[in-house]
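J.: Position chain B against the provided structure of chain A, taking the given hints into account.
So the protein sequences, as listed, match chains A and B.
Numbering follows numbering that gives the first Met the number 0, in which position 47 of the first sequence is assigned residue number 46; successive positions increment by one, without gaps.
Numbering follows numbering that gives the first Met the number 0, in which position 135 of the second sequence is assigned residue number 134; successive positions increment by one, without gaps.
Because the hints were derived from the structure by calculation, they are not lab data.
Incorrect hints may appear among the rest.
The list makes no distinction among identical chains, and a pair is therefore deemed to hold if it is satisfied within one copy or across any two copies.
Here are the computed lysine-lysine pairs in the DSSO-like style, where the Cα-Cα straight-line distance is at most 27 Å [claimed, not checked]:
hint: 1; residue 1: K81; residue 2: K8
hint: 2; residue 1: K81; residue 2: K117
hint: 3; residue 1: K138; residue 2: K8
hint: 4; residue 1: K117; residue 2: K138
hint: 5; residue 1: K117; residue 2: K34
hint: 6; residue 1: K8; residue 2: K126
hint: 7; residue 1: K126; residue 2: K34
hint: 8; residue 1: K81; residue 2: K138
2 protein chains.
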Amino acid sequence: MKESVTQFKLDSRLQNDSFLVGNFRLSQLRLLNDKNFLWVILVPRIAGVTEFVQLSTADQLQLLNESGAVSRLLLDYFPTDKLNTAAIGNIVSQLHVHHIARRHDDPCWPGVVWGYGKGVSYEEDEKNALINTLQNELKNESGFEPAPSIE
Amino acid sequence: MKESVTQFKLDSRLQNDSFLVGNFRLSQLRLLNDKNFLWVILVPRIAGVTEFVQLSTADQLQLLNESGAVSRLLLDYFPTDKLNTAAIGNIVSQLHVHHIARRHDDPCWPGVVWGYGKGVSYEEDEKNALINTLQNELKNESGFEPAPSIE
Chain A
0 MKESVTQFKL
10 DSRLQNDSFL
20 VGNFRLSQLR
30 LLNDKNFLWV
40 ILVPRIAGVT
50 EFVQLSTADQ
60 LQLLNESGAV
70 SRLLLDYFPT
80 DKLNTAAIGN
90 IVSQLHVHHI
100 ARRHDDPCWP
110 GVVWGYGKGV
120 SYEEDEKNAL
130 INTLQNELKN
140 ESGFEPAPSI
150 E
Chain B
0 MKESVTQFKL
10 DSRLQNDSFL
20 VGNFRLSQLR
30 LLNDKNFLWV
40 ILVPRIAGVT
50 EFVQLSTADQ
60 LQLLNESGAV
70 SRLLLDYFPT
80 DKLNTAAIGN
90 IVSQLHVHHI
100 ARRHDDPCWP
110 GVVWGYGKGV
120 SYEEDEKNAL
130 INTLQNELKN
140 ESGFEPAPSI
150 E
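The following block holds chain A by itself, in its conformation from the complex (with noise of 0.2 Å):
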């Protein structure tokens, strides 16, 4: 394994934001713990990457890979009427990638959700549920691993 991998720690904001949902091969499958959107985040396991582009180019077509089986999920799967996808980091600069399921319905359509700052916990049925759900609907991914227990 690449020492950039043994040494890869998640931002201890994102791991208090968001639960696992499994790892790609690259990266962690994360849900945003905020109910007024279906929010996810991939975030590859590699220490010290805060640009896309300082990824290694396999690593980057990895990246693109999970990025479009998550996006195909939202788009293909769930009620979304606009896939919203950034890499922003200006407060947590480690590398993340947010895909965000948005409705027409939602909070804060148009805009978007960074700064809309009202954020809605999830009831543990509920995040359990749909992390289940995420799972199962991922289970025939290439290289994806479920997390073997919901945090």
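T.: The following block gives chain B in isolation, referenced to the frame of chain A:
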């Protein structure tokens, strides 16, 4: 030329809010007319596409290359503290990928630029100089053709 390329028409709001810098093989590169930020967009010249995953695999890889060229330019040539990249499209659904060179001293750091709402237009000479710089720095990128005249 593919029918979807010949049928491409730039959304009028993107046209009005930005200047053509040049064309990569797939995408227009355009400079947003807001001198608060160095903010460019890539617009694939394919009709009817609103989501990245709707592009063919070849076009996804091409857009990844073009985004990489733009990202490296912003990170390496300009005083960029953090790159923000995003495909949002809640208002203009035509696929366009934002690349914004964020600085710790810019007007809305660490907030996002969308919704900031206080755009400041470039003076003609500033805009021309910046477009010339962008064109010059990209001239060795494979497939990049600078706009024949500045709009």
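J.: Confirm or reject each hint.
T.: Consistency of the hints with the structure:
In the homo-oligomer, the alpha carbons of K81 and K8 lie at most 27 Å apart only across protomers (20 Å), although the nearest pairing inside one protomer, at 31 Å, exceeds that limit. In the homo-oligomer, the alpha carbons of K81 and K117 lie at most 27 Å apart both inside one protomer (20 Å) and across protomers (25 Å), since each shortest distance falls under that limit. Only within a single protomer do K138 and K8 lie at most 27 Å apart by alpha-carbon distance; the minimum there is 25 Å, versus 39 Å between protomers. Taking identical chains as interchangeable, the C-alpha atoms of K117 and K138 are never at most 27 Å apart, the minima being 32 Å within one chain and 45 Å between chains.
Taking CA atoms no more than 27 Å apart as the test, K117 paired with K34 passes inside one copy only; the shortest distance there is 10 Å, against 30 Å between copies. Taking the shortest alpha-carbon separations for K8 and K126, only the intra-copy value of 24 Å comes in at or below 27 Å, while the best inter-copy value is 42 Å. For the identical chains of this complex, K126 and K34 are intra-copy neighbours only, at 9 Å inside a copy versus 42 Å across copies, given an alpha-carbon limit of 27 Å. In this homomeric assembly, K81 and K138 come within 27 Å of each other (Cα to Cα) only inside a single copy, at 24 Å, whereas the closest approach across copies is 34 Å.
Of the numbered hints listed earlier, the single one contradicted by the structure is hint 4.
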